[in-house]
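Take any residue in the first sequence, count from 1 to its spot, add 2: that is its number in the working numbering.
One should not assume that every hint holds.
[To be verified] Taking lysine-lysine pairs in the DSS-like style, the calculated list, with each CA pair at most 27 Å apart, reads:
#1 K348 - K261
#2 K136 - K177
#3 K83 - K424
Hints in this document: simulated from the structure, not taken from any laboratory.
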Amino acid sequence: MLWSELLIPTLREAPADAEIASHRLLLRAGLVRKLAGGAYSFLPLGLRSLRKLETIIREEMNRAGAQEVLLPALHPRELWKKGPRYEAALPVMFAARSRTDTTADTEFLLGPTHEEVITELVAGHINSYRQLPKTFYQIQTKFRDEIRPRFGLMRAREFSMKDAYSFDATDDAAKLSYEKMYNAYKRIFARAGLRCVVVEADTGVMGGSFSHEFQVPCTIGESEVVFSDDGQYMAAIEKARTQPVPRTNPSSPSPAPEKFATPTAKTIEELTSQHSVPACDQIKTLAYLCDSRFVLLLLRGDHQLCEAKVGALGYQEYRPATEEEIVAALGAHPGSLGACGVDRKKIFKIHADLDLQEQLGMTTGANEDGFHLRQVDMGRDIRPDSYASLRTAQAGELTETGSPVRIERAIEVGHVFKLGTKYSDAFGAKYLDESGKSQTVVMGCYGIGVGRTLQAVVEQSHDDNGILWPVAIAPFTAAILQLDKSLSSEALKLRDELTALGVDAIVDDRDERPGVKFKDADLIGFPIRVTLGEKSLKAGGVELKWRHQKESTLVPLDQAAATVRQWAAAASDQ
RNA sequence: CGGAGCGUAGCUCAGCUUGGUAGAGCACUUGCUUUGGGAGCAAGACGUCGCAGGUUCAAAUCCUGUCGCUCCGACCA
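Turn these sequences into a full structure, and let the hints steer you where they fit.
Below, the structure is given as structure tokens:
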């Protein structure tokens, strides 16, 4: 390829609306351009990298026995209504109106993901255990009406995703499929030159029995991952469980709860400062509407609710109750709420955090404005319907084995779920087993954000001058900087030799000063730079230089191609 | 959806307070010089000042509305 023929609009200055390094670099290096919020065009160089990443993904999917399909982006609304998460997914789906739509609802939705489509397909075509297992994958554009697209490709409204779906006869077989995908993912990210960690994760709206996230630790990440210092424990914040800072639990039951006036204490902090009740001795009472029913969530005063864990209780939809709803159900305003002696007819469930189990001598709201109760014993006075992990882990707390944890931000590049039968039940994906009995197919699903992964590589691998692409997904492995017009035939010959050896190279044939070419090559970050100029020829050939190293190597012109190939091959083997 | 900020040339930004003929640097075109880390000189081209209304003799500038973008938060399969 000739530089002069391609559209490579590098920018000397960063566009003002790009905040993070990788976003700025993708724009400055001329890899992508924004069309609208959350919608990006890939320019020739950006597309080359994207395609290389997709190729890696395809190779690993195929190696793991998955087969590729291409599914529509246009989904009938009826299909989603038939599925198990229509209500929950509705807010993020773009609707597409057809001319023939007559009702208020549109007939079509733009697919945010494809479990419904693939399960419907499989339900219609797989009838026998002999046809299982099967794993399908697709790499294509998905649409999500993100409330707040940001950071370029990191969270876009239109984005490329690889999704795979496994279908198995039994739960054990499904676990095997899951493991295959899990291992394929590790290979994919390793080949893409990405350092990532795998953590236990929450299944969220997707549902299912367990899942793992592939996370790239990075300060601008939007996920939080809990790591233990001894390296034994890693988990998504939505899943993490740690031991709380201990409180001193009285050894014997309290006397009966005692009401006391707290006219100006509406918060945990005010109760601590005005009435000397440590936060850890308080019960925080949060009112939520879960699947339209009133639910109380109880936490220790010094703990924070982790909303994802509310979903893990089995609720599909949940939100904090409004003040009106709270007064109607409890008769008091936020700041004086408690679960003692509440009218259970108005309250569907009371869920308490694990760290409240068997706690004695707690203080909580009296459900009467301006009053609290002390000497509250969980088992005697509140009797929650369940104890579950509800709180957010905090840095410095200990794992079960006693190692302190820290919390780091990370970019979620992949997520694998063992789904179970949530979708196959809804779509009637059944098969006949060996004994002729009808069974439900067991599923798993496995996603990779392709554009996000590409950007994560840039975020993880750059310096002040630009990107440092791994050989595997660089737009071109080598850039030949032709510094003198007169050397055009030498440059092209070198390019052709490299091509013949399987190394893709771009020739910077522009009529630009050397400095411009060096700067642009560094900015885009081609792994290997080949400098060809009168000066280098006089010195004995061409200069070869790794993007990530300072020193260059002088190589005779006729050995240049072979040497570049060696370098590239060595890097790929690592 | 709450909070904050920004929309002026392809990019970075000034001008707005105090209304009076649209600016700079970079990029682009042409010429000359230069040529190993974002060259110099000269000449040139490039704008419905986000959009709509209003005030005014006169609006990039003041007022109202609206749209878009960015950041923080909430949300996130």
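For each hint, the structure was consulted:
Only pairs whose Cα atoms come within 27 Å are accepted, and K348 paired with K261 is accepted, the gap being roughly 23 Å. Taking the CA atoms of K136 and K177, the gap is near 13 Å; set against the 27 Å cutoff, the hint holds. Under the criterion of a C-alpha separation no larger than 27 Å, the hint pairing K83 with K424 is consistent with the structure, at around 14 Å.
Violated hints: none; the structure is consistent with every hint.
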